[in-house]
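There are 2 protein chains.
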Amino acid sequence: MRVLALLDGSTADPDAPLLRVDDLGLLRGDGVFETILVVDGVPRELGPHLDRLARSAAMLDLPAPDRAAFERCAQVVLDGWTGGSEMALKLVLTRGVEGGDGTPTGFALGADIAPKVLRQRAEGISAITLERGVDEGLAERAPWLLLGAKSLSYAVNMAALREAERRGAAEVVFTTSTGGVLEGPTSTAVIARGRTLVTPPATLGILPGTTQHALFRAAEREGWTTEVAPLTVQDLHESDGVFLASSVRKITRVHTLDATPLRDATPLLAELTTLYESEYPRLTPAHTAS
Amino acid sequence: MRVLALLDGSTADPDAPLLRVDDLGLLRGDGVFETILVVDGVPRELGPHLDRLARSAAMLDLPAPDRAAFERCAQVVLDGWTGGSEMALKLVLTRGVEGGDGTPTGFALGADIAPKVLRQRAEGISAITLERGVDEGLAERAPWLLLGAKSLSYAVNMAALREAERRGAAEVVFTTSTGGVLEGPTSTAVIARGRTLVTPPATLGILPGTTQHALFRAAEREGWTTEVAPLTVQDLHESDGVFLASSVRKITRVHTLDATPLRDATPLLAELTTLYESEYPRLTPAHTAS
Chain A
1 MRVLALLDGS
11 TADPDAPLLR
21 VDDLGLLRGD
31 GVFETILVVD
41 GVPRELGPHL
51 DRLARSAAML
61 DLPAPDRAAF
71 ERCAQVVLDG
81 WTGGSEMALK
91 LVLTRGVEGG
101 DGTPTGFALG
111 ADIAPKVLRQ
121 RAEGISAITL
131 ERGVDEGLAE
141 RAPWLLLGAK
151 SLSYAVNMAA
161 LREAERRGAA
171 EVVFTTSTGG
181 VLEGPTSTAV
191 IARGRTLVTP
201 PATLGILPGT
211 TQHALFRAAE
221 REGWTTEVAP
231 LTVQDLHESD
241 GVFLASSVRK
251 ITRVHTLDAT
261 PLRDATPLLA
271 ELTTLYESEY
281 PRLTPAHTAS
Chain B
1 MRVLALLDGS
11 TADPDAPLLR
21 VDDLGLLRGD
31 GVFETILVVD
41 GVPRELGPHL
51 DRLARSAAML
61 DLPAPDRAAF
71 ERCAQVVLDG
81 WTGGSEMALK
91 LVLTRGVEGG
101 DGTPTGFALG
111 ADIAPKVLRQ
121 RAEGISAITL
131 ERGVDEGLAE
141 RAPWLLLGAK
151 SLSYAVNMAA
161 LREAERRGAA
171 EVVFTTSTGG
181 VLEGPTSTAV
191 IARGRTLVTP
201 PATLGILPGT
211 TQHALFRAAE
221 REGWTTEVAP
231 LTVQDLHESD
241 GVFLASSVRK
251 ITRVHTLDAT
261 PLRDATPLLA
271 ELTTLYESEY
281 PRLTPAHTAS
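Chains as they are written, first to last, in my numbering: chain A, 1 to 290; chain B, 1 to 290.
Source of the hints: derived by calculation from the structure; they are not laboratory data. Keep in mind that a hint or two might mislead.
Chain copies aren't distinguished; within one or between two, either way the pair holds.
Lysine to any residue pairs mimicking SDA-like chemistry, simulated, CA-CA at most 25 Å apart [stated by the list, open to error]:
| hint | residue 1 | residue 2 |
| --- | --- | --- |
| 1 | K116 | D61 |
| 2 | K116 | G102 |
| 3 | K116 | P63 |
| 4 | K116 | E98 |
| 5 | K116 | G100 |
| 6 | K116 | D101 |
| 7 | K116 | G99 |
| 8 | K116 | T103 |
| 9 | K116 | Y280 |
| 10 | K116 | A259 |
| 11 | K116 | G83 |
Since this is a predicted model, take the numbers as computed values, not measurements.
Take these sequences, add in the hints, and give me the full structure.
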């Protein structure tokens, strides 16, 4: 099922036309978004997602998102949801219509998690590395390239996923021209090395991961070491486990990279998933009432 | 004024909501477009624009645009236009709605040329160079980066133009990390060197310019030499004239680059404009009747 709410708090039919053709979100991919996992009616990392939406908007010189309005319209979607226990909640903000008065377009759209994603969480995935055309200093040198902003201009991310499919894989790990690890098109790369988790630094021009951050927080509490440090493709091959983390995929295991099987990280995935889920204790009715 | 026609040939109110929020053109910038100059009811370079739309669509693995449908809906816009002598005609094709049956979204939107563009045609512009994060071999090495496709994912192009404004300029010339000239965010770079016109090669991952191509065709006929060859920023400074060419801006003179005045190319602009316009003889009523 799908539930749609507009920024003014009203609900709308997601199958009905609602946007003008001259919305700059469409004509120029000029806007930002977030996708939030909701479990049993509770959005995960809503605050960090709204923070990141604001950060992306600032990178695009968009007006600051109206946080209260987004919280309200997210709640309208949650209130209207009668589907399964999990929902992907997308928040979208565009620059509004071309030549308009600057009023942004904004909405929240709740939808089921795609069956493919649920399957990949359970079975793991095969990934390929693809060059992203980004060198180490580029993001800081050239902020107009919007590296690390979650903009609506995602055509390249989608093209990379199609390239993966063409090569018989499901996912992509973007790399620098010198073999440095960046991120997935819609996910954060994380490796395990003994009792240490490592993810590449956002200064490379990648999106700071909300799910990766929650995992690291939980892992640190349980005595793991966490590092934000550059990684090479060779590091992925030599690690004890490679994972792609994102809201809807949670932590998904990469079992094969560039057609080479990686170390079996099935037990490790179970452990990391338990850690990650411990960040979100399920409320029992008794808890809710207290 | 504005006139909108949909791919089925019907007209629609451009101020009315027509698109669903889950159109992939909006959610992912996943689509392609063209902007065509129409003068006195005659679209310029319609064939090459439709060719390029098809080329961009192929780069994004979109279904081939229905050329006859686009020609028809463009004609519906032309027939409905009662505005000034010039119109910017935008053709847009998206991947359609998320999870849909693959039916693309397509439309043609006619609008007035922005006063700013008309002023810039007459007065010339100040431009800055900005790094694009692209090296010489990247486009051929990494086709998933969609370099040279005219996709709806134009947030970076818009961000570059805002950066130019921040620096007191109106336009941008994108460069490689080693100072090679690429293109403008929505235009083709052309220089004059004596009686030779030069533009950088599309193999760099830039858009093949329809207006630049028409200008070169006219110039060759009049005895100019034309070259498609790599250019450096130094070449721009040492040239007899730097121009940004695009459908709506025609050929616009760059008078200042990175705050340094360029050689005065006002007479040269007049000559090139005459050449370019000679490609499009105005039909008098007598001609029309013949």
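Hint by hint, where does the structure go against what was stated? Just the numbers, ascending.
As far as the earlier hints go, not one is violated by this structure.
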